[in-house]
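Undergrad: Using the sequences and the accompanying hints, generate a full structural model.
The primary structure of each chain is shown beneath.
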Amino acid sequence: MGRTLAEKVWDDHVVRRAEGEPDLLYIDLHLLHEVTSPQAFDGLRKGGRTVRRTDLTIATEDHNTPTLDIDKPIADPVSRTQLETLRKNCADFGVRLHPLGDDEQGVVHVVGPQLGLTQPGMTVVCGDSHTSTHGAFGALAFGIGTSQVEHVLATQTLPMAPFRTMAVTVTGELPDAVTAKDLILAIIARIGTGGGQGYVIEYRGEAIEKLSMESRMTICNMSIEAGARAGMIAPDETTFAYLQGRDHAPDGADREAAVDYWRTLRTDDDAVFDHEVVIDAAELAPFVTWGTNPGQGAPLSEVVPDPGSFDDPSERFAAEKALEYMGLTAGQPLRDIAVDTVFVGSCTNGRIEDLRAAAAVIEGRSVADGVRMLVVPGSVRVSLQAVAEGLDRVFTAAGAEWRHAGCSMCLGMNPDQLAPGERSASTSNRNFEGRQGKGGRTHLVSPQVAAATAVTGHLASPADLETTDAAQPVGV
Amino acid sequence: MEAFTTHTGRAVPLRRSNVDTDQIIPAHWLKKVTRDGFEDGLFEAWRRDPEFVLNKPERAGASVLVAGPDFGTGSSREHAVWALQNYGFAAVISPRFADIFRGNSLKNGLLTVVLPQSAVDTLWQAVEADPTTEITVDLVAREVRCGPSFRESFDLDDNARWRLLEGLDDISLTLRQEDDIAAYEAARPSFKPRTLTA
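Chains Y and C are the protein sequences, given in the same order.
Residues in the first sequence are numbered consecutively from 1, following my numbering.
Residues in the second sequence are numbered consecutively from 1, following my numbering.
Treat each hint with caution, since some may be false.
Derived pair list, reagent style DSBU-like, types lysine-lysine, alpha-carbon separation capped at 30 Å [unchecked claim]:
{"#": "1", "chain 1": "Y", "residue 1": "Lys438", "chain 2": "C", "residue 2": "Lys192"}
{"#": "2", "chain 1": "C", "residue 1": "Lys192", "chain 2": "Y", "residue 2": "Lys88"}
{"#": "3", "chain 1": "Y", "residue 1": "Lys72", "chain 2": "C", "residue 2": "Lys32"}
{"#": "4", "chain 1": "C", "residue 1": "Lys32", "chain 2": "Y", "residue 2": "Lys438"}
It should be emphasised that the hints constitute simulated quantities derived from the structure, not laboratory data.
TA: Here is the structure:
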């Protein structure tokens, strides 16, 4: 019987397989950041151990870093200590680090791909659940806990329990107004936040094949929000072209050998998935969340659902709690929801294409009165590229704030946070209670919806702006 | 890691599904660089409500958390496990756990027990009716017991169970496979990327 893409990559990394034991997998790339690594390095010290493969390890600073005044000392002493701890650990153990102020600094899942370090057929881990992002290249990439970070540092391997395979096939073509973010939000709403538990999802089908690498990263990034162990997309010409010429991508004879191997990384025709989901791209529309988990979403054109409409008692109760926390009423049109803040950024939607898409919507328009819009590039490289294209000026001319790269308001570990009761439209990945700041309320949206929402002050799609523009008297 | 064999204690019924790790321990607590001192951050936002179950005096000292499905979703932060342990929990029971949280728990000796929703409902009713009710989580027999009539077995693969029962250090176990690791490394293709230039 044939094998799926995930099974092929897994099999190619088995260091040891023994009856009754989890497979021991080799790890090709280990990404580190300041939040989930200090206790791991501490463990190495206590055990008298070293980092086995510093040449397969790389660190950056992202979660705690400020997005303003980065040339000044970090105001929060605890954040400062955590960053200083990473710097000391990397220096002591010989790990390459891109700290705040460095041109390669940024959100860890933006940095890996842009350096060309993420490649098809690799195993990639990081002490961060959004490591699933790297699956866009046909890599098997998953988030791990700090004990596993220590394990990989010490051994470059991980014992891993077997997984199940799920195919999410998106047939047909995405309508023009529908983005990768809308698609993944719709997928999560369909399979649920626990529906992917134990599975590696492979996204496939015509609509997926047509996506750019950056859109594929948006899709795979949020696999974890469906509870999946990882998400993957088979590498193809789009993948190979993206990698060409990047710092760490193979070249010359190595590239030929690599591409030959990469071309084998496709699910065999006779392979069988443990579970299959089919989605018709043509039926999709801009999608937003109304609740407090990423599965609680609906098309923007709909209304806040009635908790009573959920058959499952636990889902019904969760919806009641969510509406209470979000300050929403069943039946309220989603388009009527007014926001205070718009956040464009994160490992989900902080890449150059995301900034271009948001800029295209907001260009020549203004952020609505009383709305704060933060644009936070995913990395310094993204930021430099955006500045070279003049995108920063598009945003600032519209009244948005252009910030330094980092995780920022996606999780509010740095000063970029929502105030209690404040509501945001955010291109990030989690609408959990308090995620963006104590008492803050989050609606997950695409960069295009974020920009349109900033202009109108309530949840809106770019198409809504055209209607508004047309309705406005000209020359008055 | 400390070994886990069997544990008996009073319980906290947490009637919530999708308890994400941001609820278990909010992000601002993650700036700490130690594995301890997270107990005050456990469910920090919910604990501001005096009616929250953890704040009830009769739940003080409870050590078994009984929660709804999809416990531990979201962020991979192992701090969520440390916070539960620092607070005094030895075991969590739920119909379904998020994968990363479950892996982190087993690495730290926090036992996560999957029971069907119907069994969780029974336990909720029992411990709500009488807060002094004790639950026994028995890893040796792979079963949960409560009162005279509740007895429900649970699955946990033999290898994970053995590691927990023995309190084994995974890194030491893996380092015994040095020959296999070295052999794998010797055969890795040259086109695989390196972060450092030689």
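Undergrad: For each hint, tell me whether it holds in the structure or not.
TA: Hint check results:
no.	hint	result
1	Lys438/Y <-> Lys192/C	43 Å, violated
2	Lys192/C <-> Lys88/Y	28 Å, holds
3	Lys72/Y <-> Lys32/C	22 Å, holds
4	Lys32/C <-> Lys438/Y	18 Å, holds
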